[in-house]
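In the order they appear, the protein sequences are chains A, B and C.
Using my numbering, the letters of the first sequence correspond one by one to residues 70 to 396.
Using my numbering, the letters of the second sequence correspond one by one to residues 24 to 326.
Using my numbering, the letters of the third sequence correspond one by one to residues 31 to 733.
Everything labelled a hint here was simulated from the structure, so no lab data went into it.
In this text the structure is predicted, and so the values were computed from the model without any measurement.
There could be a bad hint or two in this list.
Said to hold, decoys possible - Derived DEER-like restraints, expressed as beta-carbon distance ranges:
(1) B/T285 - A/P113: 31 to 39 Å
(2) B/A52 - C/R478: 47 to 55 Å
(3) C/R418 - A/L78: 16 to 24 Å
(4) A/L138 - C/R472: 51 to 59 Å
(5) C/A328 - B/R49: 36 to 44 Å
(6) B/T285 - A/G344: 17 to 25 Å
(7) A/V210 - B/R49: 33 to 41 Å
Where is the CB? At the ideal position from N, CA and C, for every residue including glycine.
The chain contents come next:
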Amino acid sequence: MAGFLLRRLVNYVVLIAVATSLAYMLAATALDPRSNYEGRNPRPPAAVVDARLSRLNLNDRTPLFERYLTWAGAAVRGDFGRTWNGDRVNDDLARRLGVTSRLILLGVVLGSVGGVLLGALAAVGQYGWFDRLSTVAAFVVLAIPTVVLANMLIIGAIWLNDRLGAQIFLVSGEVTPGLAGGAGAGLLDRAKHLALPTVSLALGQVAVYSRYQRNMMLDVLDADFIRTAMAKGLRRRTALVKHGLRTALIPAVTYFAFTFGSLLVGATITESVFGWHGMGEELVASIRTNDVNTVAAIACFAALAVLLASLASDLLHAVLDPRVRVG
Amino acid sequence: MLTPPREETAGVRAAPGRVRVPSRGRVVAARFFGTRQGRLGFGLLASMFLLAFAGPLLGRWSATELDFSAFMRPPSADHWFGTLQTGSDVFAVTLRGARRSLLVGLLVAVLSTGVAAVAGSFAGYYLGWTDRTLMWVADLLLVLPAFLILAIMSPLFTGGRWLLFVIMMALFLWMVTSKIVRGMTRAIKEREYVTAARFMGVPSSAIIFRHVIPNLASLLIVDATLNVSAAILTETSLSYFGFGIQPPDVSLGGLIADGARTALYAPWTFWFAAGALIVVILAVNLIGDSLRDAFDPGARRGP
Amino acid sequence: MSAPVLAVTGLEVRFGDVRVVRGVSYSVEAGEVLGVVGESGAGKSVTSLAVMGLLPRHARVAGSARLHGHELVGASDRELAAFRGKSISMVFQDPLSAMTPVYRVGDQIAEAVRVHQRVGRGRAAERAVELLDLVGIPHPRRRARAFPHEFSGGMRQRAMIAMAIANDPDVIICDEPTTALDVTIQAQVLEVLKKAQCETGAAIVLITHDLGVVAGFADRVLVMYAGLAVESGAVRDVFHRPRMPYTIGLLRSVPRVDTGKDVPLVPIEGGPPSPAALPPGCPFEPRCPVAIPECAAAEPALLPVAPGHHAACLRSREPGGPALAYDARESGGPALAYDAREPGGPALAYGGRETGGAVPASSPRPPRERRAVVLEVDDLVKHHPLTRGAVFRRRVGTVHAVDGIGFDIREGETLGLVGESGCGKTTALMEILELARPQRGRVAVFGRDTATLSPRERMAVRRDLQVVFQDPLASLDPRMTVHDIVAEPLTAHGGRDTGPRVRRLLGLVGLEESDAARHPRDFSGGQRQRVAIARALALEPRLLVLDEPVSALDTSVQAGVINLLEDLGRRLGLSYLFVAHDLAVVRHIADRVAVMYLGRIAEIGGTGLVYEAPAHPYTQALLSAVPIPDPGKERERRRILLEGDLPSPANPPSGCRFRTRCPKFRILADAARARCVQEEPEVRPLEGDHAVACHHAEEPGVV
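The following block holds chain A by itself, in its conformation from the complex (with noise of 0.2 Å):
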């Protein structure tokens, strides 16, 4: 067992660091650290921008190489350089982190959640009305980009808003900067905030588990091992949850694990379209502003946050399904 996970942790451990590298070297060739700074008025000297790259390993006159070791040796003790103004990339991620999992934890919970009973409702009543109408929703919520669902919740909320003329629902930021008044106050100013962003999480992933969960349940339904509980004398609503919706989570639970790794880096448009500066906003604002560092170091984590998260998903898989488990 432990040589067994030493072996696995090993695969993981270089499959993050040749991931990493890659994406490393691709940014330190494709991007441009100095025009951030010839583009300034007044244009700063040649040999200050040259010393300035130089200090925060960013000069491209330095060998790819070169750089690369720079960066690595630092990497390996856990420090990923300083972003191009010259800040930590290390504290910058990490507050980061923060936001984005306030953000998506409630979408991601929600959604599954919701999914999951849709489609086990849709499934025990195949073919019937709630069956039909959640599969048209889904379908209808799948077709929909983030980009355009995230925007129409916009339009409508403000929309909502002007008709009422009050502030029902905030679709910037997480906070309302220099909010006056107790907790109470702020506790509702970041519900109002969170609200559209979770909808628009929610909705996707309510579309997609309710799908999934459907077929799986459909699976169990005409299970053998249904019929032998309704031949103890179950009637088959009882039979169906406790034996049936039990098995048929499994797959759906390990699915959850999963999602919320890749939306740790994945949320990028909820988080640019409502304004919060979590992680994936940073992905994007780190490509515009060429800051290789930044790049490296979120690479880094995506990575990271994969693996965990199939990690994850396999222990859970494994805590559910007597018949995985480690004998």
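Chain A is already provided as a structure; the job is to place chains B and C on it using the hints.
Using the frame of chain A, we list chains B and C on its own:
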């Protein structure tokens, strides 16, 4: 067990005359078009294609023309979908975007599914080092944030090099399918008809292309269909940040990104492009879902 | 006569427009066992599920099923739930998929208790342990905490029985309860069922396709065909004086372990009709050898032919019944029918290229020692790693799948390799077919050592060595036409213009030329297996390896394929390595037989010797466990019940591998036992070519 096993009774020859057996393709097509969902999806996608490629013949403006007498005008008899800030005709521009988006979606899907089929089946059939190498590459690509890499590389896609963009996108889309293909190949490899072919002396590569991949065709076709929508959606997200299809080419994603800024006071700049995109994705998803049912009628239970 | 516990009258089930069950009636009394027999698709499982109200919701059920006078057909889910598991319970065929994989076995049994009895959680768990003990599960307290996948097949079925008797039911419906099990385990489970019946006094409805099981276990029997009851009566009446040609045909087509080659198998031509396209008259008429024109006009009713004996056949009331007509027809035997069908015989078609290449059927075979060795296996070993866990895969041991076996096959000879699942017979076969260097030992095909073959030589050997697998549906690529399938070995070996050859091959196995354009799914099981045989013969091999070639087929079809194989072997001078778990089938086809247990050969020798005078205690137990479709004989036999399950091949017992279950070991003196524990017995010759791996083979045994 609950329904009579068809295989035992299907072969009974009722009459001595030769029974014409319909080909599998025909059966699948009949099942596909037998559902409302399949017909709807096919109809929607066909009309989107027709509109995108034949529509410009109807419109009176070309996508590159600018009407200097109409900036940001709502839909009218002259400009059916209105105009943009620059004076471009929204109808013409939307069709042009739709053409590019459809093409990108199709190409990416075909490419990535093809790679997935070959990589997955070879890994699953040969196992050993072939498997370890191919699956390690797949893991690496899964671990690399595709969005980030594509975004960094976006300057390379300017000047009409959108095909490069297609290839890069396909490169980041094949891994999950290839893992499924690998798993199924391992199962098929244990099937007796593959073992039988092996013991007959049929070479491995011939077995893969004659027995393994054809028997995964249903999975691959469905996967390719769903990859069309995945590719279009990814391109849209990238375009929203300006990392997608680069000028002078235009995609629906780019139009939506521009339109979103003016959507509040000039809805026509946003809704037509968004609507076209939604219809395309909806159609493709409906087709994919119906195809899955058509290939695997066992999945459709009940009456 | 007491009132029946369960009375079914005129039960009909339809799925959409397809009538799967068409008016079946039966009744069972307390303590009685009713056997329901028939081939797959006959509607026997559907009938019982309809009684339980467990059919999918789109099934339409009509007629009546009364349990103690309460109508079950059309009852609501709530009413049915009150009966199910309490007064009527069910044991399903596949106990692995019939148990919820994520709950512990004990909890699932306790649930059955708690549904109908107002007892606490702890008391129900106690009861579950008692029930597991009752059905003979060792260490029941520990085993109750295991998950279904941790149980062996036999233990799972015991647990299912425990669940079924948890509330002391009045009727137990058993749907093919032993079909998925090996014969020695089947014997154990049937014993448990008998015990369960004693405990509960319940009526049992036993659904099976195995006539032997019915002969030994049931009091009365109901034969089903195409959704109808075609014959019913007391077991002795139906087995000894069958009145319906289908029953007669079924009984004559079953290979029996107590008769050898001298009693030929009589196959029933064709296959059962599709429930969607039934003939207007008697459903068996198209296949019936004694049909008269009136049979095609209307479906005959199930009418009494003797007290308590009913049959649905127009000719059943003729003096002597249909059996007489049956016998009259068969005076020439099946061989005659084969000859008559193909002028020139298959040999002509086969030897199209090399005239006279085939051995003439009539010439007497030279003695065994003078014939050439086609396959020689010596001390063959195959170990593979044992891994645990699907997510966290790791190696936990080594499976000794094949652990040093040796045998040889001479020209024109059939060697049957028998044993229960897990004994390593299929692994051994695969190792031979790989034509590669074995992990240990030596394999020589046609005198050539496989360890030293070059790729070109290996390809040449493949021409002469072909294989037929168990499940013809799985061994034929579903997307290819029959022509492409049969032509595949030809093209792989550089053949061109395959058309005429494929046509000849199809004729050889009794298929039509026009079948070449069809797909495997358009054929019945028996026809598919014929396609697989045609493919194996395409390259004119000298040795054919057959892996359970008839075990996936229905009994009535099995006989046709066995006869075909026998016929081809004789006419074409083929040698067979015939791997099977069914001892009766092997007795019919093999010249010599090797019995395997846990990766070793226990006994090997001429078929007559091994079956008539088995020397190894395992062979004796195995043979005694095979049910014989003859109620008289079956009930008089003494059965040697083996204890427990097959030990894990990853951790075989020291010394003799069979000693942990050996009935002889138990009666031996301590000194003699020590030898079994310490010393692994080698296969040693007894007389002639009969050899056995037992230290104490000569001493009197328990039978």
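Results of checking the hints against the structure:
no., hint, in the structure
1, B/T285 - A/P113: 31 to 39 Å, "37 Å, holds"
2, B/A52 - C/R478: 47 to 55 Å, "51 Å, holds"
3, C/R418 - A/L78: 16 to 24 Å, "19 Å, holds"
4, A/L138 - C/R472: 51 to 59 Å, "58 Å, holds"
5, C/A328 - B/R49: 36 to 44 Å, "38 Å, holds"
6, B/T285 - A/G344: 17 to 25 Å, "18 Å, holds"
7, A/V210 - B/R49: 33 to 41 Å, "34 Å, holds"
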